[in-house]
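Given chain A, put chain B in place with the hints provided.
Taken in sequence, the protein lines are chains A and B. Quick note on our numbering: the first sequence kicks off at 1 and runs consecutively. Quick note on our numbering: the second sequence kicks off at 1 and runs consecutively.
To be clear, the hints were calculated from the coordinates, so they are not data collected in a lab. There could be a bad hint or two in this list.
[Said to hold, decoys possible] Result set (DSS-like, lysine-lysine): computed pairs, CA atoms no more than 27 Å apart in a straight line:
(1) A:K360 <-> B:K296
(2) B:K296 <-> A:K203
(3) A:K203 <-> A:K11
(4) A:K403 <-> B:K240
[What the hints assert, rightly or not] Stretch by stretch, here's where chain A covers chain B in the computed footprint (C-beta under 8 Å, at least three residues):
(5) 92–102
(6) 285–294
(7) 342–350
Virtual Cβ for every residue (Gly too), placed ideally from N, Cα, C.
One-letter residues, chain by chain:
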Amino acid sequence: MIKTLEKYFQKNTEAAPLAVFRIFFGFMMFGSLIRFWSKGWIKELYIEPKFFFSFYGFEWVKPLGNYTYIIFIVCGIASLMIAIGYKYRLAIIAFFLSFTYIELMDKTTYLNHYYFISLVSFILIFLPANAYFSVDAKQDKSLAFQKIPNWSIDSIKLMLAIVYFYAGLAKLNSDWLFRASPLNIWLPVQYDLPLVGSFMTKKWFHFAMSWAGTLYDLAIPFLLLYKRTRLLAFAMVVVFHVFTRILFPIGMFPYIMIVSTLIFFDNKLHHKILQTIANVFKISKSYFDNSKTLFYSTKQKITVNILAVFFIIQLLFPFRYLLYPGELFWTEEGYRFSWRVMLIEKAGFTEFKVVDAKTKQQFYIDNGDFLTKLQEKQMSFQPDFILEYAHFLGDTFKELGMKEPQVFVDSYVTLNGRLSSQFINPTIDLYQQKESFKHKNWIIPFNHEIKIKGL
Amino acid sequence: MKRILYICLLLLVIACGSSNDDPGTSNPDNFNRKEMLTFWADQVIIPGYSDFTQKTNSLKDAVLSFTATPSTANLTTARNAWKEAYITWQKVSLFQIGKAQELNMVGNMNTIPTNATLIDSYAKSGSYNLESPNLIGVQGFPALDYLLNGIGTDQETITFYTTATDAAKFKKYLEDITNRLYNLTKQVSDDWKGSYRQSFIDNDGYTISSSVDKMVNFYVIPFYEKQLRDAKIANPSGAKTGITDVKLVEAYYTKNISKELFTTAMLATKNFFKGVGYNGNTGKSLQQYLEFLNRKDLSDLINTKFNDIDQKASLLKDNFEDQIQNERAVFLNTYDAMQALLKSFKPDMFSALSIKNTSTDSDND
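Only chain A is shown next, with the shape it has when bound in the complex (with noise of 0.2 Å):
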């Protein structure tokens, strides 16, 4: 086992493939930089608003006013330093931070996608990425390296698999597979499409797609690692990635992981698009072709175990679940960086109101006075969201001068088209709830009569 494991880590294989990963990687995240900011988002997600809501942990990351643009112009150089290779260490670090740091600032904008940009780049921290074909190899002929450590290329593979492979482990429930909730909300409103429009209100096509989709997820990295059906799977990758946009607003995300896919392919392909890239823009590509092997070395150890810990981690982390009670989609404890995508409907009520507890005067708070309207909507059917709203407004109203404030909440949640039912236990005073990686008694449990089953 360990003889293996040590002829595992001393193979290697050509640099391309991490190279045109790199390259690619780089120029997609400067065209998601800039189609995030060129769509006025920075300025309505993270300067207009007048309250960000926290990752718990991370409550000291926030926006700086209008220097958060610098955050994203730092983020946009470095990613076009990872493209073209130059000072790459440097570069992928300053991303890697940037990136993680702008991600941590509002988690109403938690995204699946985002957090696998983050866990990308941090992996790419380790790889030597800028071996070949890249500015720093071409000035420095001592970083320059025709081969590299097998393991390197297949971390970047691993990271794919767990995305895809747990997408479709988190599919192996019986809302999902039994009711084909929640397609069967969001399919039919768009039964207008043009050619598959008529399926889309049909009860076999929501079926169909659930199924197709989970075996999908669960299947594509093993058919993507094996080379007989690695060119089946590269077109499942773009008609299931290509569908998936058309129907639901995932912005970059499809078009990030159909390149990323490319990764699973020989060096052939990757030669012939740094051959291509070569003659565009007239570089001599030859001079990278230089048989040298970046060989295993101690440093590299060091590399391959933070990057084995790293993968445990990630394997263990999004059965986190399992040590709280009652169910997951409902109070969301441990639902969070675990490849739910696209996994629930869920949509909330929730009002709250603020008692002073030695007058008795109470009144209900607009939530529209202190949230933007989508910090609402993913307030409202989110414990942790709901908490650390509750505490700021009793913070509020007690500098305004409320002795003892007293937060209460009404809301009401339904969950993949049951009818909502009430969510919080609205006597208690969350004011006096502290967050913590602890099951949250105040939510009241799931009980409709369609329970959930899952993994």
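Frame of chain A; chain B shown alone:
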């Protein structure tokens, strides 16, 4: 390779075969949003605004007759015309999309309470710009309520507009706000009769900027929640704060039409949901949309809750001010019933119809 293809195909067949297509529950032919939007435009909104334009026109004529000849008879005619127009407003106030939204019709027509002190000072000074957003509290129906019904007895009112010191100035102010009310209405009505109707109907998608999304968003939040639940019931009765304030009653100076205003608006809300047109004919609306999406359970529940509100509201009396002071529980019960409906609108109906109540069209995952 081939073998894999067969397996994939087989799996797809199994997946499809495992569920029976249920014909009759969802047939794409029996609903489409364009039809719903056409019904809304042609059978609900445009007839509504036409009617409202006529009523505000009559109001304008009646007020101008009164200011020309301030007699008891003309005062009565003006008051009646005001009442008719105010009631009609309740039927159209939920259609705040397009021009109406641009002109802030709700604010200009019906900001409660009106500010009598400010009206007095503006009228006396003679300098005011009614188009200023700061002046929404001194115009519209509540301001007319004050100027027509809140001055005193008939005789006192006539004196106020004939021999009192500032009579001419107040006449001018009364005319100005009446004209503005008519002009605003005319603009909205003309816009609907012009190009807006078609663009409203053509925008039949399901995204944030679509007509359905905009209408439903307005219907539920600014209209049902803020204007119906809060402005008409919760605010004067203190259902949310525990503190009553009868000055916040709608038609405060007239006293006895508050219930009619409320029930008219409530009926318009219900009719809109059920697909009942302005002149009573039926068509496709939110209820039929929900049924099309296999959510009859939800549309039934919403209808039950509408009936419950009607039942609770039937105990309301014409004079809200008296009843709030003596029989406040009726208001609190009405409020609770309305709140119950809101809880079906807000998470359930939005979720079922895939209505995005966000301003940002941001990414999902």
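Proposed proximity, K240 (chain B) with K403 (chain A) (alpha carbon, max 27 Å): holds (21 Å)
Within 8 Å of chain A's CB atoms, at least three CB atoms from the region 92–102 of chain B: coverage verdict: Per the Cβ count (0), the hint is violated.
Hinted pair K203 (chain A) and K11 (chain A), Cα distance within 27 Å: violated (50 Å)
Verdict on chain A covering the region 342–350 of chain B, where coverage means 3 or more residues with a C-beta closer than 8 Å: holds (count 7)
Outcome, coverage of the region 285–294 of chain B by chain A - at least 3 residues whose beta-carbon is closer than 8 Å to one in that chain: holds (count 3)
Given hint K296 (chain B) paired with K360 (chain A) - CA-CA distance at most 27 Å: violated (42 Å)
Pair hint outcome, K296 (chain B) versus K203 (chain A) [Cα-Cα no greater than 27 Å]: holds (16 Å)
Hints 1, 3 and 5 from the list above are not met by this structure, while the remaining hints are.
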